[in-house]
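Taking the hints into account, I'd like the entire structure generated from these sequences.
Here the working numbering runs 164 ahead of the position in the sequence shown, where the first position is 1.
Note that these hints are calculated values from the structure, not bench results.
Small disclaimer: the values here were computed from a predicted structure and weren't measured.
Some hints here could point you the wrong way.
What follows is a list of derived Cβ distance ranges for each label pair [to be verified]:
1) D516 <-> S359: 40 to 46 Å
2) F540 <-> F241: 15 to 21 Å
3) V330 <-> G398: 17 to 23 Å
4) A364 <-> F540: 19 to 25 Å
Quick reminder that beta carbons are idealized off the backbone N, C-alpha and C, glycines included.
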Amino acid sequence: MLAAGFLVLFIGGGARFAIGLTLRPMVEEFGWDRSQLGVAVAVFQIVSAAAMYGAGTLADRISLRLVLGGGLVASGFAIGLMSLVSVPWHAVVLYGLFFGIGNGVASIAPVGVMVTRAFPGRTGLANAVVSSGMSVGQLVMIAVLAAVLVTIGWRSVFVWLGIAYVVLLPLLLAAIPGAIDAKAHAAMPPRSGLSVAEAARTRQFWMLILVYAICGFGDFFVSTHVVAFAQDRGIDAFFAGNLLALMGLTGLLGVIVAGYCSDRSGPVWPTAICFAARAGVFALVLVDQSPLSVAIFGLVFGLTFLVTAPLTVVFVRDSFGTRNLGALTGLITMVHHICGGIGAYMGARIFDSSNRYDSAFAIMFVTSAIATLLAFALRRPREA
Numbered sequence: 165m166l167a168a169g170f171l172v173l174f175i176g177g178g179a180r181f182a183i184g185l186t187l188r189p190m191v192e193e194f195g196w197d198r199s200q201l202g203v204a205v206a207v208f209q210i211v212s213a214a215a216m217y218g219a220g221t222l223a224d225r226i227s228l229r230l231v232l233g234g235g236l237v238a239s240g241f242a243i244g245l246m247s248l249v250s251v252p253w254h255a256v257v258l259y260g261l262f263f264g265i266g267n268g269v270a271s272i273a274p275v276g277v278m279v280t281r282a283f284p285g286r287t288g289l290a291n292a293v294v295s296s297g298m299s300v301g302q303l304v305m306i307a308v309l310a311a312v313l314v315t316i317g318w319r320s321v322f323v324w325l326g327i328a329y330v331v332l333l334p335l336l337l338a339a340i341p342g343a344i345d346a347k348a349h350a351a352m353p354p355r356s357g358l359s360v361a362e363a364a365r366t367r368q369f370w371m372l373i374l375v376y377a378i379c380g381f382g383d384f385f386v387s388t389h390v391v392a393f394a395q396d397r398g399i400d401a402f403f404a405g406n407l408l409a410l411m412g413l414t415g416l417l418g419v420i421v422a423g424y425c426s427d428r429s430g431p432v433w434p435t436a437i438c439f440a441a442r443a444g445v446f447a448l449v450l451v452d453q454s455p456l457s458v459a460i461f462g463l464v465f466g467l468t469f470l471v472t473a474p475l476t477v478v479f480v481r482d483s484f485g486t487r488n489l490g491a492l493t494g495l496i497t498m499v500h501h502i503c504g505g506i507g508a509y510m511g512a513r514i515f516d517s518s519n520r521y522d523s524a525f526a527i528m529f530v531t532s533a534i535a536t537l538l539a540f541a542l543r544r545p546r547e548a
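Written out as structure tokens, the structure reads:
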């Protein structure tokens, strides 16, 4: 079961960052502005966010095999056809709309529900293990795709991603044990906790929404633009692509440590440390953009990149119960991704108007500092 969740997030984590790898060669080939591809990323974030909420709700009610399998089919179809784009609206429809739906459905929201049901006593660590699939996927797939990019071209990146989805689907369907499928839980006693409406009337809910909004805002600004930023600062395409891959390696360490600490001391401290580290590296690239500083920025940000992913389920379970675990997790993740789209598009607009990312880094520094303070204001489970 952990293997199934890991595989889903492995391929989803690698595929969703492919657009950051191909951003510069695509705009150079077609003569587009970065903001034109930024629209596709923004649409992806919004659509995948809505799909996550829907998938989380469905995970509380129907077969997890059906939910995750459907998401993988849509993802593979859309990402493979990205190899054929020739005008910006193609990317908006294929990457933004269809891949957004697939990636949002086959995501941390239903996977987190699956894992939490199976490991109620080790929720933080178990979710960290499956969430590490995103880091490993980013590390392995982006490293491979960076080599494909420089030797064959950006279109082949999307072709190979489509093939990877075709290969993964039967493995996934075989790996999800029937015992933890949602249908098997239909006969269980009703789970306790708040409804979505009741949770939305609490202070804790809105604090979580703010923290995750800022998290997504920074996450997808960096993942979309870090490769192009590194190349702008003199790092060649292969090493810039591998910087994004290595962010997955440091992210693996960060997510496992965060999940382990969460099971022992709660999710507040890992969340606060995550945003404090982000504020520090955004400050670094505001004052120094040498290749060394860019590399430090990428690797340290990567350490924080997935920290909040396994903690979402922990915050929701401990604060609001398990009655609507999927729906509430999906709702918070939806806000995270919508704000991620805003961050990605904002970065593109700032670059197109100034040919630099400095103003975006300043905004990210301020919002990360605010999120650090907000994290400390989150109540621990016994207080929520």
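The hints, checked one at a time:
For D516 and S359, the Cβ-Cβ distance of about 44 Å falls inside the hinted range of 40 to 46 Å, so the restraint holds. For F540 and F241, the Cβ-Cβ distance of about 44 Å falls outside the hinted range of 15 to 21 Å, so the restraint is violated. Look at V330 against G398: about 38 Å separates their beta carbons, and that is not inside 17 to 23 Å. The hinted range of 19 to 25 Å is satisfied by A364 and F540, whose Cβ atoms lie roughly 22 Å apart.
Consistency note: the structure conflicts with the earlier hints numbered 2 and 3.
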